[in-house]
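Novice: Residues per chain are reported as follows:
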Amino acid sequence: MMEPDDIQQRLEEAFPGATIEVEDLTGTKDHYQVTVVSEQFEGKKLIDQHKMVYAPFEEEIGGPIHAFSIKTYTPGKWDEQQERQIQ
Amino acid sequence: MSKEEVLQEIESEVENNPIMVYMKGTPDFPQCGFSNRVVQIFKQMGVPFESRNVLDDPNFRYILQEYSDWPTIPQVFIHGELIGGSDICMELYQNGELQEKVKEATTPATD
Numbered sequence: 000m001m002e003p004d005d006i007q008q009r010l011e012e013a014f015p016g017a018t019i020e021v022e023d024l025t026g027t028k029d030h031y032q033v034t035v036v037s038e039q040f041e042g043k044k045l046i047d048q049h050k051m052v053y054a055p056f057e058e059e060i061g062g063p064i065h066a067f068s069i070k071t072y073t074p075g076k077w078d079e080q081q082e083r084q085i086q
Numbered sequence: 000m001s002k003e004e005v006l007q008e009i010e011s012e013v014e015n016n017p018i019m020v021y022m023k024g025t026p027d028f029p030q031c032g033f034s035n036r037v038v039q040i041f042k043q044m045g046v047p048f049e050s051r052n053v054l055d056d057p058n059f060r061y062i063l064q065e066y067s068d069w070p071t072i073p074q075v076f077i078h079g080e081l082i083g084g085s086d087i088c089m090e091l092y093q094n095g096e097l098q099e100k101v102k103e104a105t106t107p108a109t110d
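Chains A and B, in that order, are what the protein sequence lines are. For the first sequence, the positions run 0 to 86 when numbering that gives the first Met the number 0 is used. For the second sequence, the positions run 0 to 110 when numbering that gives the first Met the number 0 is used.
Everything labelled a hint here was simulated from the structure, so no lab data went into it. Remember, it's a predicted structure, so these values are computed and weren't measured experimentally. One should not assume that every hint holds.
As a list, the in silico SDA-like pairs of lysine to any residue whose alpha-carbon atoms are at most 20 Å apart [to be verified]:
(1) A/K50 - B/N16
(2) B/K23 - A/H30
(3) A/K70 - A/T34
(4) A/K44 - B/L81
(5) A/K44 - A/S68
Just so you have them, the derived chain A footprint on chain B, three or more residues with Cβ under 8 Å [stated by the list, open to error]:
(6) 68-80
(7) 87-98
Cβ atoms here follow ideal geometry from the backbone N, Cα and C, with glycine treated the same way.
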């Protein structure tokens, strides 16, 4: 188990200024979905973007964190996504 | 088997199979929702793929993680290249990139 606030904080440290959402999918603090919107993803392949999000949790994934679902967006992609949801 | 031998085995599996899926369980009996999601994507596309159940050997997944530098299962390789897990496969499937990659990988090269 890992507290959602701790996950949020660690992501904020890794992605300063990013939009970050942490969702506890099962209410058991071990199945998370995180969304990170950051300029740092600009020009990077999806797999490398996800690796960047995994990196701060190297110790926890597979241990206290059982499932870690990731969504990454560059600010531009995020705006597109938001517009699509409104339509 | 030594760790070196397992690493060699992984390398040969991902090189020799156009689509290689490392998963929990088998395509007919997936033992994790994320592994199931990847299987369903490939079944939906109607393309054959090779798979290996990482639960068969408790050490295997740690060696695989070291090989791929990817911390979770499932892991999908197309033509030896790690594509990602279920989130990335789903996203690439929805935007059509996965179909492109699969087509390239399963079409014999013509000169």
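Novice: What hints, given by number in increasing order, does this structure fail?
Specialist: When the structure is compared with the hints, only number 1 turns out to be violated.
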